[in-house]
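K.L.:
The primary structure of each chain is shown beneath.
2 protein chains.
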Amino acid sequence: MTCELGDPPVRNVKIIPWGKTVAIPDGENLLQAIAEAEIPLRAACGGEGACGRCRVLLKEGRVRQGLSGGLTGEELAAGFILACQSVPVEDVVIEIPESSLVDLRRVVLSGSGRDISLSGPLYRKIKVELRPPSLDDPKDDLGRLLDELRFQLGDGRINAGLGVVRTLPGILRESGWVVNVSLAEAGGEIYIEQVEQVSESKYYGLAVDIGTTTIAACLADLESGRQAAVRGAYNKQSVYGEDVISRIIYAGEHKDGLEELQGAVLGTINGLVSGMLDDLHISSGDVKVAVCAGNTTMTHLFLGLDPAYIRLEPYVPAANNPPPGRAGEIGLKINPGAWTHCLPGISSYIGGDITAGVLVTGMAEAEEIALFIDVGTNGEMVLGNREWLVACSCSAGPAFEGNGIRYGMPAAEGAIERVFISEKGFRVECRTVGNAPPSGICGSGLIDCLACFYREGVIDRAGKFIFKPENRRFREGDEGPEFILAGGLNNREITISETEIKNLIRSKAAVFAGIRSMLKTVGLPVEAIERIYLAGGFGRFLNIRQAVATGMLPDLPEDRYAYLGNSSLKGAVQVLLSKSARRKLEELSGKVTYLELAAGKTFYDEFISALFLPHTDLNLFPSVNFK
Amino acid sequence: MTCELGDPPVRNVKIIPWGKTVAIPDGENLLQAIAEAEIPLRAACGGEGACGRCRVLLKEGRVRQGLSGGLTGEELAAGFILACQSVPVEDVVIEIPESSLVDLRRVVLSGSGRDISLSGPLYRKIKVELRPPSLDDPKDDLGRLLDELRFQLGDGRINAGLGVVRTLPGILRESGWVVNVSLAEAGGEIYIEQVEQVSESKYYGLAVDIGTTTIAACLADLESGRQAAVRGAYNKQSVYGEDVISRIIYAGEHKDGLEELQGAVLGTINGLVSGMLDDLHISSGDVKVAVCAGNTTMTHLFLGLDPAYIRLEPYVPAANNPPPGRAGEIGLKINPGAWTHCLPGISSYIGGDITAGVLVTGMAEAEEIALFIDVGTNGEMVLGNREWLVACSCSAGPAFEGNGIRYGMPAAEGAIERVFISEKGFRVECRTVGNAPPSGICGSGLIDCLACFYREGVIDRAGKFIFKPENRRFREGDEGPEFILAGGLNNREITISETEIKNLIRSKAAVFAGIRSMLKTVGLPVEAIERIYLAGGFGRFLNIRQAVATGMLPDLPEDRYAYLGNSSLKGAVQVLLSKSARRKLEELSGKVTYLELAAGKTFYDEFISALFLPHTDLNLFPSVNFK
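Respectively, the protein sequence lines represent chains A and B.
So in this note's numbering the end of the first sequence lands on 627, straight run, no missing numbers.
So in this note's numbering the end of the second sequence lands on 627, straight run, no missing numbers.
Source of the hints: derived by calculation from the structure; they are not laboratory data.
Don't take every hint at face value.
Under 8 Å between C-beta atoms, here's a sample of chain A residues computed to sit facing chain B [stated by the list, open to error]:
1. D26
2. P138
3. P314
Reference listing, derived: stretches of chain B covered by chain A, where coverage requires no fewer than 3 residues with Cβ under 8 Å from a Cβ of chain A [what the hints assert, rightly or not]:
4. 84-91
5. 130-142
6. 311-321
7. 594-601
All values derive from a computational prediction rather than experimental measurement.
All C-beta atoms, glycine included, are put in the ideal place defined by N, C-alpha and C.
Chain A extracted, bound-state conformation (with noise of 0.2 Å):
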């Protein structure tokens, strides 16, 4: 008996306001179909159905639809359904709002712009004039220039492959024993990557810093150390989960769920750099070095490491310090026998992108004590000088990310930033990026929400309401009350509940905790802190004295704060153009000491004290004025 098949069926998805049109197998949800347009839609609990934020609105079609959790009454009758939940049964048109997107304006590209000095990049060409052999001196070729390059270098490891060994005598006669040489170091090793004859070709090493949301890329100039290029995207893999553990889920519980995810995050990179080759007429196989600086997870699904154990007690990455790959063999599209490497971490929870922030702080070689910060989906935190250094990492981001806050989003569009309270709660004002009707609160509004409730007494110390029935602004909604800052689209009035305040209150809490545990293993207290450096986009809107309020970061002078910009990205390119700065991350991330804040009793006692506003020990707050 035969069974006859005809081609499985597909349902096409028009997408607005793009208009792009996909094709879908019968049986894949909308999600996908986002995913397979490469439309940067949100995703933040990677397609369980729960969170809410992959809604769209179904303009024509019908679906079969699952889970709708995070959706309103409101939302489910205007026709929002949630895409990671829904399989077309024929063809549909589908509507994704500004709100389910990620911004790309929230890829921070650096913060100051200036070119890093070129001493020594992993990549360089050099230019060597070799004694042509005689009957008296009739060494091999290979055997020639690796003497002549050992005492150009001092130094004895130096590597060729067959490949050079190949063109080698080729080379050498026709270019009259005077020869450009690249050399590449690569773990501690130096390769002759290429012998060609002298010429002016200028050559590029790639530095990205891999964000979990963003990614931000560089084109150097190999020989100048200008940075030719500097571009940024959403990462594609937002659309699997929007932070790292969801993604780790996604990767272990999907069949060639890894491969996705690394497909993902190569194709974002990918696309910015051809964007960047297309724009300065280079050619991909000009690129012969890429540095990439990520946290752990980020790495891992770059290099398609399984980061299953990353997330599971005791919290085990598979490398913290992963050996460098040729470009052709994880799948970056530059010269495929690029060195590609990875700035080593800490731990799970500290990553190349932190040690790379640390080493553009310079505090590892200070003899001033300082703290790095960096909140973004995770808070991970480093503290010390050139003597020692001691990092954790809590989970506090999430919140100020908007994540478990039902109107949170991205600084984008329509994000309320900032928000101003007076008159103990009775008058609100809201200002939106870029002035648009607001449609969400972002990081920083939320900072100001925390603070202005708690000095207009909205809120007592932990977090709670002070109900005031002639404020219309308090109301009972469908998870406990809420308090609504501003009237939003779709007649969807922005609310903050007060489950989300204590929420924000737990991430704010968990920041300072881990401070202040690091500050306790070293004996030392808050004032010994001589400089804060903040980084990474969270950073970058952050309103400090509203938050030192709110009891999230240190009660210490604003000059003493400092913003980086993406000090991951600045870390990346340093490492790729000099040697020093290899020489001093290798030191750095030798050094650092990891709190594991799950491991002691510390960071919970401390946590438990910072769930007040701004604290229970308000000697911490000596300036904050509480009215």
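Following the hints, put chain B in place on chain A, whose structure we already have.
P.N.:
Only chain B this time, still in chain A's reference frame:
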């Protein structure tokens, strides 16, 4: 206008006695057809139409002929043609005479057959137990493994590729933190090649002697050191030329010539390997490492390195010590990731086969002064002891291998291997290999001729015939006076001419002059040599007393001479299995001083003095009995 193209015409070539028929495109010659049929034809000059070695009998059909160098009038009349110069114009049938074939019995597989004691093979599997991670000890998987290996091995530089790191987390946990780790040594570093569940699986290493004419290969069990199989075959490169010079020329003068030659030697080795694997029921993936020993040209052709400058003054190879490569990148059909090592040579004419031989003798660690001689297609010699080593090479061999000797041939069926001459040359008896009717004369027969001719007064000290009109064995041939040794096949008499005798004298003179030149460099007399090691196929059949009588070898007591067998293969096996052998080889190859005979006047003077039988200075040969 369009042009109709049919299939290009092909010619069928039937080859007897094999009964093989191959189809070749119009325009290709019979040598190409025979190569296609994988029949081991000799082609000394590499297809130049000069040497006459590739003579075949045209039985049916017509060919377009070019040159006919090396064919006698009788042979031409009998229908012999040169395969390299004959392009079929229709389907043909040809017969290949025995004397045109390379004989497999010439492959020396080993001298003694002793197994090498295993002490640190290049690839080894060890059992590693790791302490599982905990919150107090959350080191990453790779770091944990590297720490333990550094502790066990005491070595600092251990490398792991991304492939290993990718599977590491899963394997470690599935196996309960007790695993087999396979380690490879390459270029002075240790590589983690594989981490897997503990198992009894056996891994193998391949050792190969890549000779110009023949190739011998051995598979060794990497756990026990047992040599599981050993095999030999002719080098399929033979059809491109019999000696290294003609192959270098072929590689340079033909498009893709180098690729063809590389393909031929790889084809030979892959054939041997696959035969052994089939016999032993081993998968090619279980052969994890390879070590090859060959002369410098063979090593270049095997690795695809340009050999052009080996034959041009000042005789400089691409690499004496080429870097190891992965089998897959070279084309060797074992595990594609297997590191493939070629033993280091000293110069263009002292290759890895010779350093292997010196390793096997142990002379580089002994107090006594020893001489190592390998007379193959070239004559290569090393003199010295643990204090010093000097090496030279002279193009001595070809005459003894049959080159420049019309009836010269390898020690194959029908080759005259012993010649007994008495009664002043009136009585001549010949013994042939396999007692077959004589079809030519091989090296040992030629040495006998030279010694007996002189002893019986057939020739004078300079190699000139002393004519005796009553001896009908003297006659005038096409190329001057000659001496009939025996009647042969096809009514062809096996002769040796005065010109050929002069050739042989030049060859023996070159060997002795090389030995004397080395001795002079260190200021020692011949008697200082306490041991002489003879290597390779030539040494196996040599009558040492006769060789001394001609003045080729030093006049020393016969018990100082030792025959080594295939010391190239033995050395490769030692390097595969023994760390101390690798250390010794590295030391000795750094210690050998290469004496370029062409560079000074010493060799020339010694050569001129040695152009007499046995020598100008008879005091050097006191034991030679001159009637």
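K.L.:
Each of the hints needs a verdict: does it hold here or not?
P.N.:
Hints, verified against the model:
1. D26: violated (33 Å)
2. P138: Holds. Min distance 5 Å.
3. P314: holds (5 Å)
4. 84-91: Violated, because only 0 residues of the region 84-91 of chain B bring their Cβ atoms closer than 8 Å to Cβ atoms of chain A.
5. 130-142: holds (count 10)
6. 311-321: holds (count 9)
7. 594-601: With 4 residues in contact (Cβ-Cβ under 8 Å with chain A), the coverage given for the region 594-601 of chain B holds.
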